[in-house]
Amino acid sequence: MDRLNILIAGIGGQGVVTAGKILAEAFHEKGLTVFESETHGLSQRGGAVTTHVRVGNVNVPLIPKGGADILIAMDGIEALRNASYLSTDAKVFLNESVKLPSLPNVKPVSISYVLENLRPWRTYTLDCEQIVRDGYRCNTVILGLVYEISLRKYLDINDFIKVLRGPTNVKSFMLGVQRGKYYESLAAMDRLV
Amino acid sequence: MLVQRPRLILGNEAIAYGALASGVSVAAGYPGTPSTEIIETLMKFKDVYAEWSSNEKIAFETAYGSAIMGARSLVTMKHVGMNVASDSIMSSSYTGVSGALVIVSAGDPGMWSSQSEQDIRHYGLMGLIPIIEPFDPQSAHDLTMRAFEISSKVGHPVILSTNTRISHVRSSVKIAPFSDPIRGKLNKNPFKYSLVPEVAKKDREEQLERWNKIKEEVSDMIITEGSGEKVVVGVGISYSYVKELVQLLNPHNVKVIGVTSSVPVPESILKELEGADEVLVIEELDPIVENQIKEMVVDNGLHLKIMGKRLTGRVGEMDMDRVARALSEFLNIEVKREVSSERSLEIPSRPPAMCSGCPHRSSFFFLKRGISLGGLKETFYSGDIGCYSLGLLPPFNEQDSLISMGSSMGVANGVYRATSIIPIAIIGDSTFFHSGLAGVANAVFNNLPVLILVLDNRSTAMTGQQPSPSTAIDILDAAKGLGVKYVDVGDPFSPDFSKKIAKAVDWVKKNNGPALVVAKRACALVAIDKVKPTQLAVVDMRKCTGCTICYDHFTCPAILKREDKKAFINPTECIGCGACVPVCPFNAISLQGEKPEGWDEAWTG
Ligand code: SF4
Ligand code: SF4
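Order-wise, the sequence lines are chains A and B.
Taking numbering that gives the first Met the number 0, the leading residue of the first sequence gets 0, the next gets one more, and so forth.
Taking numbering that gives the first Met the number 0, the leading residue of the second sequence gets 0, the next gets one more, and so forth.
Note that these hints are calculated values from the structure, not bench results.
Mixed in with the good hints, there may be bad ones.
Pairs of lysine-lysine residues, derived as DSS-like cross-links and limited to a Cα-Cα distance of at most 30 Å, are as follows [to be verified]:
id, chain 1, residue 1, chain 2, residue 2
1, B, 173, A, 29
2, B, 43, A, 20
3, A, 106, A, 90
4, A, 161, B, 173
5, A, 106, B, 293
6, B, 531, A, 170
7, B, 376, B, 479
8, A, 64, B, 308
9, A, 170, B, 564
10, A, 64, B, 254
11, A, 20, B, 45
12, A, 20, A, 64
13, B, 542, B, 498
14, B, 308, B, 293
15, B, 254, B, 293
16, A, 106, B, 542
17, B, 201, B, 187
18, B, 200, B, 214
19, A, 106, B, 564
20, B, 201, B, 43
21, B, 43, A, 29
22, A, 106, B, 565
23, A, 106, B, 560
24, B, 229, A, 64
Just chain B, same shape as in the assembly (with noise of 0.2 Å):
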């Protein structure tokens, strides 16, 4: 195949670009790390239709929607957006489609930006959808033109399982040349999409049809290389760190295998380990793989050791540390490692923090004044995923609990249920429009005496501003729309927020039902981007009496705090936002400077 010369790229952008030369023509997804770069780049070409949704279930079903009208389409989230969109994914397998449709799902081993590291290939196994896995960024261009091929060939949907170390990685890539996108023509088939008993019965047994269809396509997904008795069978990532490890290592008698189907597990691997005696299976997350091979040797009535997750551990990324021990259990080496004296150092951590000019910081800050000036002595604040999750942290500590997407108003609602204490729902605008409606549909519906607050910063800020359905739909709108009887809205950078606070706290207690408050001001990051900033503020060391609200309890990162705990604002960080200005008692505080023009509508656009 013509190629052209290898380019320095990101595994996303491999994914993408491998979706372009397989004629992709429709693709959505949300947000999410790490899976958020392929949507963004196939955005740059016009003559494919690729959209953010509002939730990653509406992203698939736009995929699928496509897909039975003939069309190529990719849909893109991370691994927990596969919980969203699994009753939607479920039902596709059953129906099958008649272009092609491949789900990118990345994961997040490890838990960089995640609740959770969950392995997505369980979804595999229990919706009969087959998964392939790429182990670098090469693998994932040319995997994703081959999730493709199946996926038209056999007229299935197929997963793409992607993580952290693939996705985010830059490598020199070989790009195939790009196709023509292929579209759908309306093709109407109700008593094959349309999954009443009658037709569900009947798909499922073509399901089952096609899945042995898939089973012979995979057959031919393993690599080998060497021979010997004792076999280690790599998945995925975990076979680029087997591989460099055997050429380190150069042990004798070992036959690597990787496999890049993972469900199912081609078949031809039977004939692999023919001869062999042991074999250690080494993959991410959970035994999917182990699993099926041990299946296969059973059923075969072969006698085989089959080791896996004993050797390796079931919590975290694969790492080069994590290979060799097991490496070195199994093939009975002595595996030296050059680690340097590691030493307990006195460190402190240093987790994410909101940014300078963050809207969230000053949200919080007020809203723990408001709850306390609106009566309420304690309260639940019943958080949701976005930036505004890191006021978990302290001196915030105001995210209680944080479960999944849209989360804060069902899990208020089950605390007030158990303790009758009026909880505080926390959520982001985008979290809001992605899963957070029905939670306030329930909280009119079974009357929640609840505060809900709603963050909203303009766009999907933590995974990089993508657009939010803020900026085409009013929330206080929305919410009235839905019943919610008192509704307000406020700037957090104003004090008088905190007022707005505790007349909406003291509703709730005299009315016993949700009321809703919007603190609304664009994300930092995006007005700064729209306008360069020319105020500084600075501290009045005469007025300044070290007092430590600043920088102890509001904490914006370019406010650093003297020898004589006096504050000092650090020119460089500060961007001039004015939301330290009110935080200080004593009026120490000011802003310097001319305000740019267009500052305000920034803000607030």
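Isolated chain A, as found in the complex (with noise of 0.2 Å):
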């Protein structure tokens, strides 16, 4: 590998610091380089959030507009907000919700709006709430999704169980995994007809 260029966006408050951590901890204890930078907003919550996670041969820690390989979407509006990053060829990883900004009379957006809009590129999704009522955590269980289908050339599963840090994360992460095998065997199935 060359670099990698991961973005995470989501709105604060929902696991966007604490996976970019997980990430770049997992690509450290391979061995790699790697830059992680986190934004911090005016407050501690609400606001729009981005984590760029570059990994390889790299010396800054921004990934660059068209530069983003890997998008994980917490939510519809900010994988929207930070389309302009993505590679042509980038893949992204989507949980299928939607949260309006607190602010009075916002118009509304729906998710058909945002997959029509991220049509040009190849997207995962899930859905974070279901996730969270089966008592999983949904910042994990997409690391194991993106994981299983765009990252298992450059690490092994046990550098994430290290740095994954207690059962109910690993449980998680092994159910994004089994997420994305599903994924792999509709595409194979794709293939086939």
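If you follow the hints, you should be able to join the two separate chains into one complex; please do so.
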């Protein structure tokens, strides 16, 4: 690998920074150079947040526009806000939900509008609300999915297990991996027909 | 040198570990993004004294006082904190120190959470204090040690200038082993440290001598790669951008120079410029290095074209695109970028919001009511710096100005003198003790008719709930002590709060002097850290009329709007604080579940 750029986007409080930290630690475990850059907003919660994770032959912490290989979006609106970072063959991992900002009279945005605008990129979706209701941690489930689809060539599953801290996270991660396998089997079927 | 296995740490932690490796024994700071984690890290080490001071000036003076006793000390602040501390910092450059004194100033180009982006390197030029600039977390660690070394060798303060993209970046850092803390001992030398004119005149001469020594000390603080007639100089983080782009573009005939001492720029750079015909200096914010190089070139009669800000621009953070554009013009090459089609999408902005359960939301809600109850037809909300700055946003619109820590009362004074409209000065508890006290004194002394509202959430919440002096000093006592005649305290979650505001407003109108009301309730994040909430607010759909008050005028993030306009409370976001209950005029909102033990204490603590 020369360089890998992963952008994580969401809303303060959704575990964006933690997800970035876990990814960075997994790559660090493997002995790869990694930069992880947090953005802290004006307040603790509720604002748009991104974390940039860059791996490999890199010197700077921020992903250039058009340079992200992977976008992990915890919210539909935030996925669109960061679409200009995506490279042409980027993959998107999306929590299929839209949370409107806590401001008066916001015009609603629908998830179909989001998906429509993400059409140029291969998009894998999941539903965090369901995941959380089932007792899993959403950000770790997404990381499992990303691992299975995009990171297996760089990392062993153990690089993640080591840094996940705690059985709930590991369980969640594995659920994401299962999800990824399912997506892959669908893709394999597509190729057959 | 012995180094441990690299660890994945934040730039700020790397700076703290660099200080520990240098024998730091006293550290002080005022929290401010992006500097905060340095003191937080040092607080974990028991043999180092580390404190949150009430403002940056006090923090600086604490570190300085230790350093003139021979200790190795550190002070941290964000870039604008330098303005608060600058009076003492300027004097410290005259006296010098006997131990070591490193000032860390963390800048915020792009203003992610600041009122300005201000280039603090001007303080270095103005005060003859060297500025060391790291370019990534590893260099932040190594250069912190270098800063301590220079400071103790020359006996002079040294500034380490970091920024968001170094302080808040996590990467692998090789950490040097820690040294025993170097403390001071009583050492009196008034003819050096008491800056009466006679002493200051002598100190000025010595300061200039030290400055010459510093020039020698930093002479090796440049890194050179490649060769060619075109030279690109990268300063601090910009050096990293240049390095990555040069790797990507692989242009020939280009020399790259990284500069880690931006004030003074090492004179040895002149030798590296021999044979060059064009130089591009890339640095964030102001042309500090660019201008110093121009000066050297002119002084030495060289014929060199120096470019910089003209190609890179002067606003905001440096980034790959900006550096790429500047490089492509300078090197006359085309930089291909794989930018995906940037279509204009309709997406709402998402500014940070006050948390679920935040007491400030209720304070702003009931303040507005109280003011109209009190019969003020129009007013000016003179704001201040903290989480409550978000009161600027709709639906509240209750921060008409906010310029610096503690500015609310001074600005209110000016507004009143110009318009005779009674203003409301809004200030947080931590800001009150940081630099609000002088404003209170002025309001009393000059008879300012103002309602001072202190939003006391028991902590410095915006930067991560550092303790605030309000937990040790009663704000009402402080105000009374300063001569405020009308003081009151209330709970912003209670609708009675608007009556308290109305009464105070009325008093101000009648007595033409300052009144002070404290809205006292803990930061929601602090409260839920102490007690796990078990109650939830629910909306009775039969009673809800869809009046929009709770989601459009109160805007707790947990309250959502249904398609039929009725309100719905998201159980995963609601913390069960109950603030929304009195807000609904139709009594449609109630709390369900049992009140957890210690809940009330957690909110008032
Ligand atoms: S304030 Fe009460 S009536 Fe109005 S929308 Fe909210 S819950 Fe319904
Ligand atoms: S109780 Fe009401 S104000 Fe408090 S968090 Fe829940 S919805 Fe928001």
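Quick rundown of the hints versus the structure:
Distance hint between residue 173 of chain B and residue 29 of chain A is fulfilled; the C-alpha atoms sit about 16 Å from each other, no more than 30 Å. Restraint check: the Cα-Cα separation between residue 43 of chain B and residue 20 of chain A comes to about 21 Å, which is no more than 30 Å; the hinted pair holds. This hinted pair checks out: residue 106 of chain A and residue 90 of chain A have alpha carbons roughly 28 Å apart, not beyond 30 Å. For a cut-off of 30 Å, the pair hint linking residue 161 of chain A to residue 173 of chain B stands: about 21 Å separates their Cα positions.
A threshold of 30 Å between alpha carbons decides the hint, and for residue 106 of chain A with residue 293 of chain B the separation of about 53 Å lies outside it, so the pair is violated. Between residue 531 of chain B and residue 170 of chain A, the direct Cα distance comes to roughly 24 Å. Compliance with the 30 Å bound is thereby established for this hinted pair. Distance check on the hinted pair: residue 376 of chain B and residue 479 of chain B sit about 28 Å apart at the alpha-carbon level, within 30 Å; holds. At most 30 Å may separate the alpha-carbon atoms for a hinted pair to count; residue 64 of chain A and residue 308 of chain B meet this at roughly 22 Å.
Note on residue 170 of chain A and residue 564 of chain B: the hinted pairing is violated, with a Cα-Cα distance of about 39 Å set against a maximum of 30 Å. Of the pairs offered as hints, the one joining residue 64 of chain A and residue 254 of chain B holds, with about 26 Å between alpha carbons and a cut-off of 30 Å not exceeded. For the proposed pair residue 20 of chain A and residue 45 of chain B, the alpha carbon gap of about 27 Å is at most 30 Å, so the pair holds. Between residue 20 of chain A and residue 64 of chain A, the direct Cα distance comes to roughly 22 Å. Compliance with the 30 Å bound is thereby established for this hinted pair.
Simply put, residue 542 of chain B and residue 498 of chain B have alpha-carbon atoms about 26 Å apart, close enough for the 30 Å limit, and the pair holds. For the hint linking residue 308 of chain B to residue 293 of chain B, the alpha-carbon distance of about 13 Å falls within 30 Å, and the restraint holds. Restraint check for residue 254 of chain B and residue 293 of chain B: the C-alpha separation of about 18 Å stays at or below 30 Å, so the hint holds. For the hint linking residue 106 of chain A to residue 542 of chain B, the alpha-carbon distance of about 26 Å falls within 30 Å, and the restraint holds.
For the hint linking residue 201 of chain B to residue 187 of chain B, the alpha-carbon distance of about 17 Å falls within 30 Å, and the restraint holds. Our distance criterion of 30 Å between C-alpha atoms is met by residue 200 of chain B and residue 214 of chain B, whose separation comes to about 22 Å. For the suggested pair residue 106 of chain A and residue 564 of chain B, the alpha carbons sit about 13 Å apart, so the restraint of at most 30 Å is met. Distance hint between residue 201 of chain B and residue 43 of chain B is unfulfilled; the C-alpha atoms sit about 41 Å from each other, more than 30 Å.
Taken as a hint, the residue 43 of chain B and residue 29 of chain A pair is honoured in the structure, with Cα atoms around 28 Å apart against an allowance of 30 Å. With a C-alpha separation of about 16 Å, the suggested pairing of residue 106 of chain A with residue 565 of chain B holds against the 30 Å cut-off. Of the supplied pair hints, the one linking residue 106 of chain A and residue 560 of chain B holds, its CA atoms being roughly 12 Å apart against a limit of 30 Å. Proposed proximity of residue 229 of chain B and residue 64 of chain A is supported: the alpha carbons are some 27 Å apart, at most 30 Å.
Figure legend: structure checked against the earlier numbered hints; hints not met, in rising order: 5, 9 and 20.
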